[in-house]
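Chemist: As a plain string of letters, each chain reads:
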Amino acid sequence: MKISDTVVGAGFVAAGALIIAGTLNYPTLDGGHPGPSLFPRILGGMMAVFGGLVSVQGLRVRDATEDVDWLRLHRSTAFINAMVVLVGVLAYILLVERVGFLLTGALLLFIVMWRLKVPVVKAVIVAVVFNTIVHFLFAKVMRVPLPMGILWW
Amino acid sequence: MIDHILTALAMLSSWKLLLTITICSIYGLFVGAVPGLTATMAAALLVPFTFFMDPLQALVAIVTMEAMAIFAGDIPAALVRIPGTPSSAAYTDDSYELTKQGKAELVLGVDVMTSAIGGLMGAVVLMTSAPLLAEVALMFTSFEYFWLAALGLSATVMIASTNPLKAGLALLVGLFFSTVGLDITLGYPRFTFGSTELLNGVDFIPAMIGLFGVSEILRNMASSHLQYPITSVKAEKIFSGVAKTLWKYKANMVRASAIGTFIGILPGAGADIAAWIAYAASKRFSKEPEKFGKGAIEPIVDAGTANNACLAGDWVPALVFGIPGDSITAIVIGVLFMKGLRPGPMIFQQQPELVYAVYISFIIANILMVPFGYLAIKVSGNLLKVPRNILMPAILMFCIVGSFAINNSFFDIGVMLAMGILGYFFENNGIPVAPIVLGMVLGPIVEQNFMISMIKTQWDLTQFFTRPAAAILAVLTILTWLAPFLPALARRFRSQTASA
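First to last, the sequence lines map onto chains Z and F.
Residue numbers are given in the numbering used here: position 40 of the first sequence equals residue 40, and the series is strictly consecutive.
Residue numbers are given in the numbering used here: position 238 of the second sequence equals residue 238, and the series is strictly consecutive.
Straight-line C-alpha distance at most 27 Å; calculated DSSO-like pairs for lysine-lysine:
| id | chain 1 | residue 1 | chain 2 | residue 2 |
| --- | --- | --- | --- | --- |
| 1 | Z | K140 | F | K339 |
| 2 | F | K385 | Z | K122 |
| 3 | F | K287 | F | K103 |
| 4 | F | K248 | F | K103 |
| 5 | F | K100 | F | K378 |
| 6 | F | K248 | F | K287 |
| 7 | F | K103 | F | K283 |
| 8 | F | K103 | F | K294 |
| 9 | F | K16 | Z | K140 |
| 10 | Z | K117 | F | K385 |
| 11 | F | K100 | F | K250 |
| 12 | F | K385 | F | K237 |
I should point out that these hints are in silico values taken from the structure, not numbers from a laboratory.
The shape of chain Z in the complex, shown without the other chains:
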């Protein structure tokens, strides 16, 4: 997802300004010396300056390298698959405590593999087997408290 440098640079200018704005209420040290706010303010300032320069650089070379076709984005396989991964991981975070790792993990694996055109039967088998191995390795061997949920093992 390549966006014009001018826009990216402007984004950093805004981010720098936000960082500085966030530090305005920070307390100072004895004698009025800046404390917690000093470092973030320097960073925010530099971020805004660097962002501005990137923006100007982008304007100067008039980079027409933008490759995002915003109107057709929803039809691009790459975009849909990436969104499936993002939503999938979010759903995993929300569900795993209640449903448990064995089911949630296998489901996530299956969905991503299915989106990547792995044949359904193969995807189911790989998802279940691989996820069980991961569970064994982390929960049993390394004692990571992966959520049990409705299946216990």
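Following the hints, put chain F in place on chain Z, whose structure we already have.
Modeler: Chain F alone, transformed into the frame defined by chain Z:
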């Protein structure tokens, strides 16, 4: 010293460590040989496993894995013209051209031998320079550590990237992440947005897994198959003609080892940069520079030596000062902290056997590289056919569980995801990701040492320049910033003196 070496050797010869070395060699070779999986990502995914290892085992695991991965990155470069890791990018075109000319065996043979030789030479530099530097480092105070970290930050921006502005932005983002949480002076919560999870800051390991793992998965979502024509190689033939080639370019290997380790010691620049710089130096001094890029073996010798030599160099600042030489040693420092060990000059006195074990494992890994490399080349056809549409979801699962395992926190999975999106977006817009990591590690060092120094001297800035060691580091830092302008300044000066 002999005692320490013997202790380290005795510790390394246990079956547990030999098993670790074998498994991590295979892991490293696999990760390196599969395009899209990098050594940094592999190191980040190794961290949850290091919880269950003692410190020595953890360090040996990372050393072995990275040495093998950086070599194995050469395999797909030669066979399918895709570098397995960024460190092989510099000489991918030359390697592939030679493969097209039917010389794949020679290229891979040179790759494996130069990797091993470069790695061994780097190990020698590490063994000789680290203890000496540690003696010097004992005298360092907060002023010197401030400048060291500042030097690291400067080197990251000015040397380690083609676009200093964008690298600078990435670094600033990393430094900003390092400010999240309770501040050092007053314990005031910064940028936590009321979240208790953020009071301790953004955890470094889930961030790394996101930046290097998840972003790569997102990038691979575009295509379910990457089918490339794979050249088959006769592994038995890889060593024929190699000795002659290496002998012809023996001086190149010495030069490349020196370049590699030096770049490694510089904080912030890793093996990929070392390879590019060694390539450029090779072309500059070559008798036949016109062949470069069109299938020359000379740059493969140079850059292939330099990237492996760099790895040991990267450990020098990490062990001596606790300042990472690249993103992998940044992870190493994180692992040491989790084990309750503080990298720095004291580790050389308190746990010398640990330091010696790192030296020895570099040597072992680079010797083992020859037989293991041979086997990897033998199965390279199968390695490159690993179905990506199964591999990528599997890695996603490891990313999720690995991020969770660090603190048993679901919040960390969220951090991983957010960093994955950020890394994906940055890389696609030409903003390098590695500086974010260095910013996150160096940020607290810069800020804490600055604030401690300021409070100690009641805001007397002159102390940063009047202490001799601090002054030297300050000059080096400023020179780094001026580096891009130096040639122009020199030209102007020369033309002025000529006209006068």
